[in-house]
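> Protein sequence lines, in the order shown, are assigned to chains A and B. Sequential numbering from 0 applies to the first sequence in numbering that gives the first Met the number 0. Sequential numbering from 0 applies to the second sequence in numbering that gives the first Met the number 0.
If you're looking for bench data, these hints aren't it; they were derived computationally from the structure. Any given hint could be a false lead.
Here are the simulated distance ranges between beta carbons [claimed, not checked]: (1) Asp196(B) to Ala286(A): 33 to 41 Å; (2) His81(A) to Arg212(B): 55 to 63 Å; (3) Asp57(B) to Arg84(A): 55 to 63 Å; (4) Lys227(B) to Ala67(A): 35 to 43 Å; (5) Lys220(B) to Val255(A): 26 to 34 Å; (6) His81(A) to Ala105(B): 26 to 34 Å; (7) Gly42(A) to Glu76(B): 49 to 57 Å; (8) Pro254(B) to Ala223(A): 22 to 30 Å; (9) Ala223(A) to Ala287(B): 39 to 47 Å; (10) Val255(A) to Asp196(B): 30 to 38 Å; (11) Ala143(B) to Gln227(A): 50 to 58 Å.
EDC-like mimics (lysine to aspartate or glutamate), calculated; alpha carbons at most 16 Å apart, straight line [unchecked claim]: (12) Lys220(B) to Asp196(B); (13) Lys237(B) to Glu245(A); (14) Lys237(B) to Asp68(B); (15) Lys237(A) to Asp248(B); (16) Lys219(B) to Asp196(B); (17) Lys191(B) to Glu290(B).
All residues carry an ideal CB built from backbone N, CA and C; glycine is no exception.
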Amino acid sequence: MKLGFIGLGAMGRPMALHLLAAGHELSVYARRAEAAQPLIDAGAHRCATPAAVAAASEVVFTMVTTGADVEEVALGEQGILHGARPGTVLVDMGTIPPGTARRIAAKLAERGIEAIDAPVSGGEVGARNATLAIMAGGKAEVLARVRPLLETLGRTLVPIGPAGAGQVAKACNQMIMVSCIEALAEAMLLAQRSGVDPARVKQALSGGSAASRVLDVFGAKMAARDFQAGVEARLHHKDFAILMNEAHALGAALPVAAQVWQQLNALMAHGWGREDTSGLLRVLEGASIGFSSARQPSGSPQERA
Amino acid sequence: MDIGFIGLGLMGRPMAINVARGGHTLHIWARRTASLEPFAQFGAHAHVSPAEVARHADIVFTMVADAPDVEQVCLGEGGIVESGKRGLVVSDSSTIAPAAARGIAARLAEHGMHFLDAPVSGGEVGAINAALSFMVGGEEAAFAKAKPFYELMGKSVTLVGAAGAGPVTKACNQTVVAMTMLAVAEALTFAKKSGVDGAKVREALLGGFAASRILEHHGKKMLERNWKPGFKAWMQQKDLRIVLQSAHDLGLALPGAAVASQLFNAMVGSGLGEEDNMAVIKLIERLAGLEE
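Let the hints inform the model, and build the full structure from the sequences given.
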């Protein structure tokens with residue numbers, strides 16, 4: 000099939016490579032030309048604009064950072080809207096506000112272009128191993144057409160509802176995941192300040208009711224004081240602004256998520272946005288100063304270098 | 000002097016009336032023409048657009064709901080920018096985000112006009128009694144021109160800093176007000192659930208460090224269960240969103256404001272949005288299993 004892929008960063012690059020490896024013809028565009036190079040080397044065509052990608056493709060995937068970026072790529076002057084034919088499908092896999100996803104879908108529909116919002120969970124590792132969890136919003140018949148393609152990228156694909164519904168599910172995912180990271184960080188702090196080995200506590204918890212993926216992955220990172228990014232914390236910070244704006248618009252109270260958001264703000268203030276979200280532990284350690292300075296955070300960027 | 004006034008709602012109406020009583024000629028515009036009627040008795044000139052108001056005025060005051068409204072009035076079609084003279088001072092008292100205020104100021108400056116962001120505290124009562132607090136951001140010279148008019152509408156007028164400083168101050172104000180409102184609501188519910196007379200608790204607290212204007216005024220109304228809106232819950236919700244969005248952008252943790260914002264979300268979501276923000280006590284009572 001003739002496919003397009005726009006946005007070839009840490010997530011987009013391995014995903015695009017999977018589509019290429021599955022035997023599809025791939026046209027690509029990236030804002031930074033060098034980001035596209037690994038794909039070009041693997042046999043993809045380089046396009047000068049998103050519109051050119053759309054003109055060459057039956058299905059176009061996008062994996063860019065913000066809602067504004069997706070809007071620019073989809074509807075901007077050189078956007079997909081201006082290159083796609085009726086029946087072309089845009090599959091956006093980034094995390095953006097549900098309202099933006101709905102607006103883009105409506106705008107594209109005016110020209111007969113289809114849209115699926117299909118955000119993912121699983122991070123870079125999931126993208127590399129094609130084990131992402133994909134949550135999709137959009138028309139069922141359109142989703143059926145792109146399902147085999149999405150199955151090349153992920154392990155699970157759950158249709159959630161109409162346009163924007165995938166993004167709602169993703170907002171729920173982020174809310175639970177990062178709140179769990181914060182809960183875990185607080186538990187690690189409690190263990191540490193009690194003079195108990197956090198790694199042992201983590202090991203014990205893995206066998207009980209507090210067991211979770213977050214405990215496995217982020218617990219290990221915290222215990223090892225490895226704050227190098229799996230997913231950069233600044234992206235979770237961005238996602239929290241999206242979901243708290245939704246809560247505002249809906250008149251829904253999310254008291255715990257609101258607290259987690261503030262901890263993420265503090266993390267950003269420390270300049271740790273490009274490190275892992277397990278750095279929430281360091282925010283707590285910073286807030287508990289006056290204890291033992293020997294237990295102050297290690298693993299700063301300088302130390303790692 | 001010829002003074003423009005745009006936005007004549009709950010707050011704008013009494014503010015404009017206080018300017019008219021100071022002996023000035025008003026040029027007015029409002030989205031709903033019914034809002035213009037009370038001004039006939041003051042000899043005010045009603046106009047068809049903000050641009051027409053600006054054409055006739057030396058200073059224009061605006062008091063509308065949200066940043067998009069201010070942008071529309073200032074920069075939109077039929078907006079002030081179309082016909083304001085060079086040197087025109089535009090003072091906005093709506094509560095908007097600091098970034099939005101800075102953007103509007105920059106755009107008006109391109110046309111030689113001066114923008115003052117001048118949000119207020121004091122609510123409808125403060126507006127009626129000319130007892131508002133103005134917190135202003137902008138240039139000194141423009142502020143000097145507007146100051147006599149602020150003094151007709153308010154009691155306290157402070158030039159805090161450059162463009163955007165007014166909304167920053169207002170965001171600080173709302174942070175304190177919202178959390179204090181919540182604190183008073185929680186304390187009075189604590190008393191009620193404990194079977195202690197809230198009125199007596201309030202009286203005792205007013206003599207100590209917990210004394211505040213909110214405990215005094217809103218605490219009293221909460222006890223009287225007088226929910227007549229001065230400052231509505233949805234407005235508080237909107238203002239806290241500005242606070243938290245700014246905190247997000249700054250990398251600033253505001254855990255208390257975050258909790259308060261969620262309770263005001265719940266008010267709007269549960270149909271209490273049109274009530275005064277002090278009705279937040281109803282949520283605390285509900286959580287305590289105390290029915291009205």
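> All hints are to be evaluated individually against the structure, with a verdict given for each.
Results of checking the hints against the structure:
1. Asp196(B) to Ala286(A): 33 to 41 Å: The hinted range 33 to 41 Å holds for Asp196(B) and Ala286(A), with Cβ atoms some 38 Å apart.
2. His81(A) to Arg212(B): 55 to 63 Å: 57 Å, holds
3. Asp57(B) to Arg84(A): 55 to 63 Å: Given range 55 to 63 Å: holds, Cβ gap about 58 Å.
4. Lys227(B) to Ala67(A): 35 to 43 Å: Roughly 42 Å apart at Cβ, these two residues keep to the hinted range, so it holds.
5. Lys220(B) to Val255(A): 26 to 34 Å: Holds - the Cβ-Cβ distance for Lys220(B) and Val255(A), about 31 Å, lies within 26 to 34 Å.
6. His81(A) to Ala105(B): 26 to 34 Å: 31 Å, holds
7. Gly42(A) to Glu76(B): 49 to 57 Å: 51 Å, holds
8. Pro254(B) to Ala223(A): 22 to 30 Å: Given a distance of about 28 Å, which is inside 22 to 30 Å, the answer is holds.
9. Ala223(A) to Ala287(B): 39 to 47 Å: About 44 Å separates the Cβ atoms of Ala223(A) and Ala287(B), which means 39 to 47 Å holds.
10. Val255(A) to Asp196(B): 30 to 38 Å: Distance hint for Val255(A), Asp196(B) holds at roughly 34 Å.
11. Ala143(B) to Gln227(A): 50 to 58 Å: 55 Å, holds
12. Lys220(B) to Asp196(B): Distance of about 15 Å is within 16 Å: holds.
13. Lys237(B) to Glu245(A): Holds - the C-alpha atoms of Glu245(A) and Lys237(B) are around 13 Å apart, at most 16 Å.
14. Lys237(B) to Asp68(B): 14 Å, holds
15. Lys237(A) to Asp248(B): Since the Cα atoms of Lys237(A) and Asp248(B) sit roughly 10 Å apart, the hinted pair holds (cutoff 16 Å).
16. Lys219(B) to Asp196(B): 12 Å, holds
17. Lys191(B) to Glu290(B): 12 Å, holds
In this structure, every one of the numbered hints holds.
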